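Got chain L; can you put chains D and V on it based on the hints?
Chains as they are written, first to last, in this note's numbering: chain L, -4 to 248; chain D, 17 to 654; chain V, 7 to 224.
It should be emphasised that the hints constitute simulated quantities derived from the structure, not laboratory data. Treat the hints with care, as some may be off.
[What the hints assert, rightly or not] With a straight-line Cα cutoff of 25 Å, these simulated PhoX-like cross-link-like pairs (lysine-lysine) come out:
(1) K411(D) / K74(L)
(2) K43(L) / K506(D)
(3) K104(V) / K1(L)
(4) K(-1)(L) / K131(V)
(5) K654(D) / K122(D)
Small disclaimer: the values here were computed from a predicted structure and weren't measured.
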Amino acid sequence: MNFKLKIWRQKASEQNGKFQTFRVQNISPDTSFLEVLDLVNEELVLDKKEPVAFEHDCREGICGSCGVMINGEPHGPGKGVTTCQLYMREFKNNQEIYIEPFRAKAFSVIRDLIVDRSAFDRVQQSGGYISVNTGSAPSANALPVSRENAGRAFSAATCIGCGACVASCKNASASLFVSARLAHFSLLPQGKAEQDKRVLKMVAQMDREGFGACSHTGSCFAACPKEISLENIARMNRSWTKAVLRKRQGSNS
Amino acid sequence: MIDIHPLKSSIPEGPLAEKWDNYKFSARLVNPSNRKKFEIIVVGAGLAGASASASLGELGYNVKTFFIHDSPRRAHSIAAQGGINAAKNYANDGDSVYRLFYDTIKGGDFRAREANVYRLAQISNQIIDHCVAQGVPFAREYGGLLANRSFGGAQVSRTFYARGQTGQQLLLGAYGSLMKQVDQGKVTLYPYTEMLDLIVSEGHARGIVARDLVTGEVTIHTAHAVLVASGGYGNVFYLSTNAMNSNVTAAWRCHKRGAYFANPSFVQIHPTCIPQSGEHQSKLTLMSESLRNDGRVWVPLKKEDSRLPQDIPEEERDYYLERIYPAFGNLVPRDVASRQAKFQVDQGRGVGVSGEAVYLDFTQALRNQGIKGIREKYGNLFSMYERITGENPYKTPMRIFPAVHYTMGGLWVDYDLQSTVPGLFVLGEANFSDHGANRLGASALMQGLADGYFIAPATVGNYLAGLKEESLNLEDCERAKRETEDRLTKLLNLKGSQSVDQIHRKLGRILWDFSGMIRSENSLKKALEQVRSLRQEFWNEAVVPGQNDYKNQELEKAGRVADFLELGEILIRDALIREESCGCHFREEYQTQDNEALRNDENFSHVTAWEWSEENKWREWREPLSFLKVKPSQRSYK
Amino acid sequence: MLDFLRRTVGQKFLVGLTGLGLCLFVLIHVSGNMLIFVGAEQYNLYAHGLHEFFLMEVFEVGLLTLFMGHILIALSLGWKNRFARREKYRHSVSGDKKPAFVHAALVFQGVALLAFLVWHLLTFKFGPYYEISHRGQTMRDIYRLVVEVFQNPLYVAGYSVALLILSVHLGRGFSASLKSLGFNHPQYMPWVERFGWLFSALVSLGFLSQPFYVYFFL
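In isolation and in its complexed conformation, chain L is listed as follows (with noise of 0.2 Å):
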């Protein structure tokens, strides 16, 4: 197969960027989206050109670093897949394939295709855990959880970080990617106890990184490789507006 690559290429986050055209030929249908993007890196490299730079590592959808934008879609065509997963039996002999990164204020571009996603660190940071030191475990049977809860906390908990759900939306709104980590603990026992303050405290954290709000449009959902369902907002919402109103003077979040 023939393609012709528009790929972003971009210096550094405060340079203007721009695409460049790249024909790569006599591709195997069998070939992944980033192979073909290292066939492109290694003819660059042998003529001591620049490579594109591309965030990529584990390459079986799984660690969350590769996803861009390809043709206006992230992660590209196909439903439930991460680019890594993506094949070129998917595209059109000859097609034109328009690579650019994931666009938001709060990711910055890094160098071409990589961009900057420690906002959604510093989200988790804010208070996506729960609170047990190393030792202070009870027994992990004391407390059952029903299978059905344990089941959708972990399918909440399959999220895997990758950005397209802000990518996706029209209001760069990191909703869906928030609310999969609040479902996670909010689903499990073991999570009520700091439920509020972590819902009060992401949220806020969430704003401030500059993401916008959710429309409920839906994009991130078609997006996701992880399929996170969109009941998570809504269930974000709702603890968030209980913790606003049982909130007390004083209270530290």
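This is chains D and V only, laid out in the frame that chain L set:
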């Protein structure tokens, strides 16, 4: 020039079951109010690194955690699928700490240290308690209690799991605890920062030299102890199931500063991976070995048979695992299954375009259990296979082939997980300690977390409490930094005609062909020669474009491949001098009549630890292994 | 409580809450409008009755608050959302992952509706004041005004467009409001969404029936 060197394993006194308690009782403690005076560097943020950083932060130490990714949650621990073992005996099927210990020692083919493995089995239960409290959503029974499954051929159900994403869930737990400490100001994160050297001053590890991968800045970070949890070196083979950025560099820099490297030839090869589809392929994808519960492995009887699998009649197929191992059939351990696949391929009976694969056939299971039954069990694996290969495994047999998966070898550590450099501790896959010559399924997560949550906090405290006054010579820091910068310049000056990847691919090919699943004196000698000349080729002909002062991924790669090229040599030499077969190390010359690994306990019941003496010269040391509790036996799966 | 104004989640909550209040308002409004089919007298009497109702001022203030709250908070959110993406995508969103048209721009629909609202108030509330006497009482002849206005095809066309936008805004906004308030359940949400569209269709058709009735049948 082999010495029986006093590689001091520092195993505590007392009966096996009491050693860890004795250790904790006799260990020196750091007064809680003094802990904030100590700085600890942790390199790596996977299961071992994140759990150690969090636990040390909770104790009150000042922790600085370095990792090469943008976020701690990207470490490759996240990709572990199967589960984590613990001796809870919830299934009431006769499991115990002792049995987990015994299985691990036996699975490692009697090449691991008894005391370490026993401690691992003891701690396994605490890990589960802690992870559940952190909110790790393990699978549950209808009553709400934790579910277990049997995994990797174990005869008891002791594996805790979260669907096929156990590693992800455990890592998120550790990441949460870590981020809490970051919020409390006890841990400082250094994302996109790669350790490029270890600072050793007055004989003690006192810090690291690190490079900011975004700005290129090289900086000195000092501390009172350094913990390296940078993972395994499977990517030395180029193609492996490891992540693209997994590398040996941090560990290797420690090695070059005096930490011995133990058993580098012990590399585990996983039997059920999706085979390579072409030269362009960058990595291999693992599929859970649970597939072998229902899939039947076969190859055509005829050599180079190019017919489609469905056109090959039953009587012209060789279900070789069932034929050779009637008792275990398709469920033989990983190393055996992998080796047999290679035997078949070497005889020209491999399948697929490359001829480097065997079939894993579900026809019979589909007939017995129906499409629905199979989809429930393996639906996600089947769709993953289809996505990658474009073939529908419900209709045509899967093609599988073994791939490098885990490295049991690593930096040598004593019972305290301390390397031969005082103050340098090594955790998780980066050390060699617990798995001997072969790791059992669902034990890697257990070891990483045991090291990070429970062992390092105790042993690092013991070290710090005994630390004599300041021993930091600033000149040592500056020198390490200068050397790092010189090396970066040297790499950036490479303007030859081969890409770093091309050379890495060649290295992988050499190691896989001559020092992979099956090795012989001849093949290893050939490999040794080729790796040495490839190393020359790298420094003469590689090309590294660009500059230092921005995100330069080729420069990152080049540094890592340069280290792999050095590691490759001792991997081969380690395989060469171990004149026996054990676990994953299979020497053609040393096998039983039935092609099984033939151990030589008389001469090789030891750990080999390599000391870097001068540029690409090593000195070999041995730590004898004595088995007081278990009696080494010959494995048999007939 | 200030958090409701400070945080996006709180602001969305308020937009949702006021939105549902406005849904109730349009329902009452459209029900009253149906009296046009009964006759001029009933129509005017109803309007007059509303005006004379002693709590009307309270309701009007309440209604104004609902509108202003809904509009101002939504606009400020829209403003923030615009800046959440500093640099636009060069290749616009497409393919399967593109959001459906109705989701595209709630806030732009809102701005259009705001313009319509001003026009609507100028036309009727602050429009020409005709008087008429029913059952011995002098009152505003709002019926006459409606009939006059909708003789003009431009008004009919303008209202049709505005009501089409309203129907999308309502149909989409009803379920979104509930989501902002924290309700979303896989079992019930599809029905809630259908109900929202049904509600919006009924309300919009109800409103639309007036200009069409007047234009074609009076």
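Against the structure, the hints come out as follows:
1. As the CA atoms of K411(D) and K74(L) are separated by approximately 23 Å, the hinted pair is consistent with the 25 Å bound.
2. Our distance criterion of 25 Å between C-alpha atoms is met by K43(L) and K506(D), whose separation comes to about 16 Å.
3. Taken as a hint, the K104(V) and K1(L) pair is honoured in the structure, with Cα atoms around 20 Å apart against an allowance of 25 Å.
4. Taken as a hint, the K(-1)(L) and K131(V) pair is broken in the structure, with Cα atoms around 60 Å apart against an allowance of 25 Å.
5. The straight-line distance between the Cα atoms of K654(D) and K122(D) is roughly 17 Å, inside the 25 Å bound, and the hint therefore holds.
Of the numbered hints given earlier, the model fails hint 4 alone.
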